[in-house]
Each structure stands twice: as structure tokens, then as C-alpha cells.
Amino acid sequence: MAKVEFLGPLSRESIEVDITNLAQLKEFFKDDIVLQEWLGICAVALNDTLICSLDVKVEPNDKISLLPPVCGG
Amino acid sequence: MAKVEFLGPLSRESIEVDITNLAQLKEFFKDDIVLQEWLGICAVALNDTLICSLDVKVEPNDKISLLPPVCGG
Amino acid sequence: MMALELFDGPLHVQEITNRWFVDMCDKNYGAFIPFVGIVRDEDGISGLSFDIYEPILKNWFDSWQIKAKAQGAYLLMAHSRGDVPNHTSSYIAAVVSPQRKIALKFINDFVEDFKANAPIWKYDLVDGKRVYAKERSHLLIGAGLLK
Amino acid sequence: MMALELFDGPLHVQEITNRWFVDMCDKNYGAFIPFVGIVRDEDGISGLSFDIYEPILKNWFDSWQIKAKAQGAYLLMAHSRGDVPNHTSSYIAAVVSPQRKIALKFINDFVEDFKANAPIWKYDLVDGKRVYAKERSHLLIGAGLLK
Numbered sequence: 000m001a002k003v004e005f006l007g008p009l010s011r012e013s014i015e016v017d018i019t020n021l022a023q024l025k026e027f028f029k030d031d032i033v034l035q036e037w038l039g040i041c042a043v044a045l046n047d048t049l050i051c052s053l054d055v056k057v058e059p060n061d062k063i064s065l066l067p068p069v070c071g072g
Numbered sequence: 000m001a002k003v004e005f006l007g008p009l010s011r012e013s014i015e016v017d018i019t020n021l022a023q024l025k026e027f028f029k030d031d032i033v034l035q036e037w038l039g040i041c042a043v044a045l046n047d048t049l050i051c052s053l054d055v056k057v058e059p060n061d062k063i064s065l066l067p068p069v070c071g072g
Numbered sequence: 000m001m002a003l004e005l006f007d008g009p010l011h012v013q014e015i016t017n018r019w020f021v022d023m024c025d026k027n028y029g030a031f032i033p034f035v036g037i038v039r040d041e042d043g044i045s046g047l048s049f050d051i052y053e054p055i056l057k058n059w060f061d062s063w064q065i066k067a068k069a070q071g072a073y074l075l076m077a078h079s080r081g082d083v084p085n086h087t088s089s090y091i092a093a094v095v096s097p098q099r100k101i102a103l104k105f106i107n108d109f110v111e112d113f114k115a116n117a118p119i120w121k122y123d124l125v126d127g128k129r130v131y132a133k134e135r136s137h138l139l140i141g142a143g144l145l146k
Numbered sequence: 000m001m002a003l004e005l006f007d008g009p010l011h012v013q014e015i016t017n018r019w020f021v022d023m024c025d026k027n028y029g030a031f032i033p034f035v036g037i038v039r040d041e042d043g044i045s046g047l048s049f050d051i052y053e054p055i056l057k058n059w060f061d062s063w064q065i066k067a068k069a070q071g072a073y074l075l076m077a078h079s080r081g082d083v084p085n086h087t088s089s090y091i092a093a094v095v096s097p098q099r100k101i102a103l104k105f106i107n108d109f110v111e112d113f114k115a116n117a118p119i120w121k122y123d124l125v126d127g128k129r130v131y132a133k134e135r136s137h138l139l140i141g142a143g144l145l146k
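Line by line, the protein sequences give chains X, U, E and F. Under numbering that gives the first Met the number 0, residues 0 to 72 are what the first sequence spells out, in order. Under numbering that gives the first Met the number 0, residues 0 to 72 are what the second sequence spells out, in order. Under numbering that gives the first Met the number 0, residues 0 to 146 are what the third sequence spells out, in order. Under numbering that gives the first Met the number 0, residues 0 to 146 are what the fourth sequence spells out, in order.
Be careful, since some hints might not be right.
[Said to hold, decoys possible] Below, simulated EDC-like cross-link-like pairs (lysine to aspartate or glutamate); rule was C-alpha separation at most 20 Å, straight line:
#, chain 1, residue 1, chain 2, residue 2
1, E, K100, E, D82
2, E, K57, E, D7
3, F, K26, E, D40
4, E, K26, F, E41
5, F, K100, E, D112
6, F, K133, U, E36
7, U, K29, U, D17
8, F, K100, E, D108
9, E, K128, E, D7
10, F, K26, E, E41
11, E, K57, X, D30
12, E, K104, X, D30
Since the hints were made in silico from the structure, they are not lab data.
Given these sequences and hints, build the entire structure.
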């Protein structure tokens, strides 16, 4: 199972999901109305590297992080 | 009499000169071989304002400063 | 010495910048430029609050440190976690370099890229509550991938 | 508070920058950027030495302060007179501004213009003697007028 973290203002507990790529994660979230609002502005990291394609393979024990818009300083 | 200051590495005592414009100061210095070497790179201030023309009038009690190339910091 | 330091609450600016100066002054760098960010009293906030995702922040910082070292420079950074009251500091970035122009360029580019890409979330503190500063926040690369 | 401070010998960097920070942190500026110049050990020098022509330096500084205030910013500067050993500081310039980008632009432009136009003469200290740093120095406006 891969772990999904919801960072910053997403403020949700992590979950575990049984997926092999990010397209499946997109499908997994499609009925979550509240999260849909955020997904349009969230970036996605796989094992702490930002990802730009849904085709990326997800292995068991991978960590996926959802990152809302940032503003440090 | 106007006062002429030799700043920084020029390292000379100030002098007083009886002139009414900067062209006369140029004339006054023309036989000073050592100073000629410096004059090509020195800027000139009249009462602490940098000057770009020899036509500027000089009044008694004016202060003229010769400023070699600078490097602060 | 750590080049990236995270603290709970406001930064002790003098302790941090004094320590960095002492650590750096005998390393034959010619310029030391700290950028100190101070929380402004505006829009009725009592302060700001921050969440940080450390693994990606460290990767981001390390990639900048490699860039800096390639030009003979070195970067330092401190940031707050949690609440930071008005008129105190939440962020210090610094560069040292043998050369003035490289130092000035790095402090500009490093701070600007920090604002755009460091995985830190900012909240206004309003009536004791955290309000996500969504309008002032910046989309990261790949944002919207799962929409 | 003086915005332009001149000292005999090396600058007490921590005293100066700490004091500036304390003076400025409650004025609702969002960014404080000191640039600290440190004397590098190079070419066999034991330090640098400086002459300053204060009247024109003050005019130059005041004209920059007017520019800064027009954009809501404020400048501070300290410089050494006389001898400054290697690995100590001869020069600190700082800007405070409500806005980060204005502060970053000012510290760059102010320091660069300082290097080009401030009436300060630099000497290398070599074997206890002052050697004018002619090759590293910059002609002022109107140079050569009396040649």
C-alpha cells in the first residue's frame, strides 16, 4: 500500500491506498467533493520529488504528498 | 582667495589660489609635473559638488577639492 | 554547523546572525548578506503561522547550496515553525561569497525562489485562529495534476 | 539615530547590526537586509586602510536616502576610517522596506553605486605601509577636467 499525505492547510490524516500509478489516485479521489476543490491547485510529490505526469508508477511503500500553494518567509 | 584641497592619495597640504574660474586653476597647475599625472584621473568639486565644466565661476572663500579615483567598502 | 535551521516560534535574529557572522568572518569571504524577514502588522493580524514540509525543503535547500558552492558562495537559512507575532522574524536567508556581485545576485535569486518554491504554508493569525494565506500563496510545479 | 556612521578602525559588526535591527524591527518594515563587507586576505596584504571625504559622502548618502524614502524604504550605512585588518569588516550598508522586492533592489543598487561613487580611498596594507589601490579604483564624474 502507498501512503498519501495531505500537507499544510489540507490538514487531513494520511491514508493508505492500493494503487500502481497516479491516474488511479486521481480516480480514487474523484468523489471527494471537498478534496476536488484543492486538487486543482495542489502539486504532487512521489517520495519527496514533485511529479508532472499521471503515468508515473507507484510502488508499495511509496509516499505520495499533496502540496497546496506555498508562501514561506 | 579660493582654497584647494588635495584628497585621499594626493596627500598634499591645501593651498590658496587667486582665481575666478577653473580654467585659471588648470593654468595654475600646468607646470606641476607630479600633479599632472593625477589631474587626468581626478574629479573636481566646487563647494562639495562635482563639476564638469571649466567655465564655472569661482568666488573668494570657495572650496575646490581634487578627488582621485575612489574605492570604498 | 547546520546551514538550514528550523525553530519553533519567532527567530532569535541577533543570536542567529551574530553566530553566522562569527562562523563566516575568518573563511575569507568578502561579503555577508543576511536577508531578515519581519512580520508586518497589517490587515488586523496578530502574527503569522507556518507549516513546513521538511524533506522537500531540505532537497530544495541542498540544490541551492550546490549552485552556490559552484560559484564559491555559501548559503544559510533559518525559518520558523508555528506562530510568529507581528514585528518579530520568521525567516532569515544569508549568503557569503568572495565576490560582492555574486553575493548580491544570490541573495536576490535565492530569496525569490524561496518565496515561489519552498514547501512552507503561511497562515494569518486572526482572533487567535489560523487562516490560510491562500491568495498570497504560489502554485508549485505540476499543480492540478490530480484534478 | 544616525543613518550614516563612520568609525576609526574595523566595524563592530554585531553591535551595529543588532542595534539597527532593534531600532527597525517595530517600524513595520517587512525586510531588513544588511550587506557586510569583510576584508579578504589576498595578495599578501595584512588589511586595508581608508580615507573618507565626509562632506561629499554625506551628500551622496542623503541623495540615496531621499530615493529610498520615496519608495517607503530607509537606508543605513557604516564605514571605517584608517586601518582595517584582514577578516574584519570595513563597510556595512543596510536597507529596510515594507516590501521584499524593493529591499532587494535597493541593497543591490545602493552597494553598487557606493562602490562607483562614494568619495572613499582604499589602500592595501603591505609591510605596514599604505599602498593606494589605484587599479581597483573608479573615476568620478568629470575626472580629468583639469588635465
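Against the structure, the hints:
1. As the CA atoms of E/K100 and E/D82 are separated by approximately 35 Å, the hinted pair breaks the 20 Å bound.
2. At most 20 Å may separate the alpha-carbon atoms for a hinted pair to count; E/K57 and E/D7 meet this at roughly 17 Å.
3. Pair hint F/K26 plus E/D40 holds up; C-alpha atoms about 9 Å apart against a cutoff of 20 Å.
4. Note on E/K26 and F/E41: the hinted pairing holds, with a Cα-Cα distance of about 12 Å set against a maximum of 20 Å.
5. For the given pair, F/K100 sits about 12 Å from E/D112 by alpha-carbon distance, which is consistent with the 20 Å threshold.
6. Proximity of F/K133 to U/E36 is assessed by CA-CA distance (about 13 Å); at most 20 Å being required, the pair is judged to hold.
7. For the hint linking U/K29 to U/D17, the alpha-carbon distance of about 15 Å falls within 20 Å, and the restraint holds.
8. Our distance criterion of 20 Å between C-alpha atoms is met by F/K100 and E/D108, whose separation comes to about 11 Å.
9. The hinted pair formed by E/K128 and E/D7 meets the criterion: a straight-line CA distance of about 17 Å does not exceed 20 Å.
10. As the CA atoms of F/K26 and E/E41 are separated by approximately 12 Å, the hinted pair is consistent with the 20 Å bound.
11. Simply put, E/K57 and X/D30 have alpha-carbon atoms about 34 Å apart, too far for the 20 Å limit, and the pair is violated.
12. Among the hinted pairs, E/K104 with X/D30 is inconsistent with the structure: their alpha-carbon atoms are about 47 Å apart, more than 20 Å.
Hint violations for this structure: numbers 1, 11 and 12, all remaining hints satisfied.
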